[in-house]
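Last residue of the sequence shown: 223 in the numbering used here, with the numbers rising by one and none dropped.
Each hint should be verified, as a subset may be incorrect.
[What the hints assert, rightly or not] In silico lysine-lysine, DSSO-like type, Cα no more than 27 Å apart, as pairs:
(1) Lys-94 <-> Lys-126
(2) Lys-137 <-> Lys-102
(3) Lys-192 <-> Lys-143
(4) Lys-102 <-> Lys-214
(5) Lys-143 <-> Lys-126
(6) Lys-135 <-> Lys-112
(7) Lys-143 <-> Lys-214
(8) Lys-135 <-> Lys-94
(9) Lys-137 <-> Lys-214
For the record, the hints were derived by calculation from the structure and aren't laboratory data.
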Amino acid sequence: MQIKIIKNSLYLSTGLGIAFGAIGLYFWMQSQHNANVTVGQSVNSHKTIEKPTPPIGKLATPIASKQPIRLVLKRSTRQLYVYKGENLQASYPVAVGKAGLETPIGKFKVIEMLKNPDWTNPNTGILVPPGENNPLGERWIAFWNVGREYIGFHGTPDRSSVGKAASAGCVRMYNEHVRELYEMVKLGTSVLVEP
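Using the sequences and the hints, build the whole thing.
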């Protein structure tokens, strides 16, 4: 008889434990659902209840330098130098204008920038669309113009011309280099062309 009472009491306590556990789990799940609804409503209503906590420690992103990028092209050595302030950032071999069509010497600024430009042949008027055979390559960065004539930095499909006086005044670069340059400059960037 005593064993039967202990057995019944054990069943009863086990059953009550399971029931109370289930009830507790139900209320916990309801509280989580209500918390998600409250957060979702706050986000959707764009109301701020309290100010966000400022981040602890230093910012991971470095603050951009105020020193501007400037370009120096030396025609005699057929090299383009990219400076940030007085610090050299990069240098690239280039092709410059051939005899009679020399790249102009002087101080200029970037006046136009294009990705994957098309090109119109000045002699025939034929339009060459962007692509691997386009004489302007993958980027165009103009720094000089008179009327409809422009001179600028650009890519080229003729890799063998880089390092020579071979263009009609423009500054030819390897496509991979002119893509890098394009990301460093902006309209108004200073361009100095030296003999």
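Of all the hints given earlier, name the ones this structure violates by number, lowest first.
1
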